[in-house]
Amino acid sequence: MFVQIRKWIVTEGNSDKIIERFKKRPDQGPSLIEQREGFISRELLVKNVRRGEEEVLMIVRWESEEAWKAWEKSPEHIAGHKAKIKEHGGKPPKPEYIINMEHGSYSVVE
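Residue 102 in full-length UniProt numbering sits at position 102 of the sequence shown, and the numbers go up by one each step.
Everything labelled a hint here was simulated from the structure, so no lab data went into it. Small disclaimer: the values here were computed from a predicted structure and weren't measured. Note that the Cβ used here is the ideal one computed from N, Cα and C, for glycine as well. Be careful, since some hints might not be right.
As the list claims (entries may be wrong) - Okay, derived cross-link-like pairs now, SDA-like style, lysine to any residue, Cα gap no bigger than 25 angstroms in a straight line:
1. 84 with 16
2. 23 with 98
3. 84 with 11
4. 17 with 83
5. 73 with 5
6. 17 with 42
7. 91 with 70
8. 7 with 105
9. 17 with 81
10. 24 with 58
11. 17 with 4
12. 84 with 25
13. 94 with 40
14. 24 with 109
15. 69 with 6
16. 94 with 14
17. 7 with 110
18. 69 with 57
19. 69 with 4
20. 94 with 105
21. 47 with 83
22. 24 with 78
23. 24 with 110
24. 84 with 49
25. 7 with 59
26. 73 with 104
27. 17 with 65
Said to hold, decoys possible - Distance windows between CB atoms, simulated:
28. 73 with 28: 20 to 28 angstroms
29. 75 with 47: 30 to 38 angstroms
30. 107 with 86: 32 to 40 angstroms
31. 51 with 106: 27 to 35 angstroms
32. 51 with 29: 36 to 44 angstroms
33. 74 with 50: 38 to 46 angstroms
Kindly produce the complete structure, drawing on both the sequences and the hints.
Structural data, given as structure tokens:
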């Protein structure tokens with residue numbers, strides 16, 4: 001199994017903006033990524049904080065690194081990024097509420 005983890009640190013009160021962007025929309029059916037061969041699951045997690053900066057994790061599980069690479073190279077995935085570039089007239093700016101974003105890829109060994 002292959003796992004991707006993305007972590008956003010956002011200003012107080014803005015974790016919902018990340019959740020809204022990536023949440024499942026059952027009324028629209030499976031998303032493009034959910035339809036991909038080799039996709040297993042996606043989870044969104046919000047760190048429990050009382051105040052201050054907020055943290056959101058997105059964990060995406062794939063059957064293999066090859067399945068993930070196939071998604072990354074797929075016309076659907078590329079088209080989504082091209083649409084964002086076209087919409088913004090270039091690379092979209094990082095929203096002001098995002099303090100930091102990290103991502104990592106992991107192979108499950110046990």
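Status of each hint after checking the structure:
Restraint check for residue 84 and residue 16: the C-alpha separation of about 20 angstroms stays at or below 25 angstroms, so the hint holds. Straight-line distance between C-alpha atoms of residue 23 and residue 98 comes to about 17 angstroms, which keeps the hinted pair within the 25 angstroms bound. In summary, the hint linking residue 84 to residue 11 is supported, as the alpha carbons are separated by about 23 angstroms, within the 25 angstroms threshold. Taking the CA atoms of residue 17 and residue 83, the gap is near 20 angstroms; set against the 25 angstroms cutoff, the hint holds.
For the hint linking residue 73 to residue 5, the alpha-carbon distance of about 19 angstroms falls within 25 angstroms, and the restraint holds. Between the alpha carbons of residue 17 and residue 42 the distance comes to roughly 17 angstroms, so the proposed pair stays at or under 25 angstroms and holds. For the proposed pair residue 91 and residue 70, the alpha carbon gap of about 23 angstroms is at most 25 angstroms, so the pair holds. This hinted pair checks out: residue 7 and residue 105 have alpha carbons roughly 12 angstroms apart, not beyond 25 angstroms.
Between residue 17 and residue 81 the alpha-carbon distance is near 19 angstroms, which keeps this suggested pair within the 25 angstroms criterion. Our distance criterion of 25 angstroms between C-alpha atoms is met by residue 24 and residue 58, whose separation comes to about 12 angstroms. Between residue 17 and residue 4 the alpha-carbon distance is near 20 angstroms, which keeps this suggested pair within the 25 angstroms criterion. Restraint check for residue 84 and residue 25: the C-alpha separation of about 20 angstroms stays at or below 25 angstroms, so the hint holds.
Between residue 94 and residue 40 the alpha-carbon distance is near 29 angstroms, which puts this suggested pair outside the 25 angstroms criterion. A distance of roughly 28 angstroms separates the Cα atoms of residue 24 and residue 109; the hinted pair therefore is violated under the 25 angstroms criterion. Among the hinted pairs, residue 69 with residue 6 is consistent with the structure: their alpha-carbon atoms are about 16 angstroms apart, no more than 25 angstroms. With a CA separation close to 14 angstroms, the supplied pair residue 94 and residue 14 stays within the 25 angstroms bound.
Between residue 7 and residue 110, the direct Cα distance comes to roughly 23 angstroms. Compliance with the 25 angstroms bound is thereby established for this hinted pair. For a cut-off of 25 angstroms, the pair hint linking residue 69 to residue 57 stands: about 21 angstroms separates their Cα positions. Straight-line distance between C-alpha atoms of residue 69 and residue 4 comes to about 12 angstroms, which keeps the hinted pair within the 25 angstroms bound. Pair hint residue 94 plus residue 105 holds up; C-alpha atoms about 22 angstroms apart against a cutoff of 25 angstroms.
Among the hinted pairs, residue 47 with residue 83 is inconsistent with the structure: their alpha-carbon atoms are about 31 angstroms apart, more than 25 angstroms. At most 25 angstroms may separate the alpha-carbon atoms for a hinted pair to count; residue 24 and residue 78 meet this at roughly 20 angstroms. Distance restraint check for residue 24 and residue 110: the Cα-Cα separation of roughly 28 angstroms exceeds the 25 angstroms cut-off, and the hinted pair is therefore not satisfied. Under the criterion of a C-alpha separation no larger than 25 angstroms, the hint pairing residue 84 with residue 49 is inconsistent with the structure, at around 31 angstroms.
Distance hint between residue 7 and residue 59 is fulfilled; the C-alpha atoms sit about 9 angstroms from each other, no more than 25 angstroms. Annotation: proposed proximity of residue 73 to residue 104 holds, straight-line Cα distance about 18 angstroms (limit 25 angstroms). For the given pair, residue 17 sits about 29 angstroms from residue 65 by alpha-carbon distance, which is inconsistent with the 25 angstroms threshold. As the Cβ distance of residue 73 to residue 28 is approximately 24 angstroms, the hint placing it in 20 to 28 angstroms holds.
In this structure, residue 75 and residue 47 meet the distance hint of 30 to 38 angstroms, their C-beta atoms being roughly 35 angstroms apart. Checked against the hint of 32 to 40 angstroms, the C-beta distance between residue 107 and residue 86 comes to roughly 35 angstroms, which is consistent with it. At about 31 angstroms, the beta-carbon gap between residue 51 and residue 106 stays in the expected band of 27 to 35 angstroms. The hint said 36 to 44 angstroms for the Cβ distance between residue 51 and residue 29, and at roughly 38 angstroms that hint holds.
The given range of 38 to 46 angstroms is respected by residue 74 and residue 50, whose C-beta atoms sit roughly 41 angstroms from each other.
Checked against the numbered hints above, the structure breaks hints 13, 14, 21, 23, 24, 27 and satisfies the rest.
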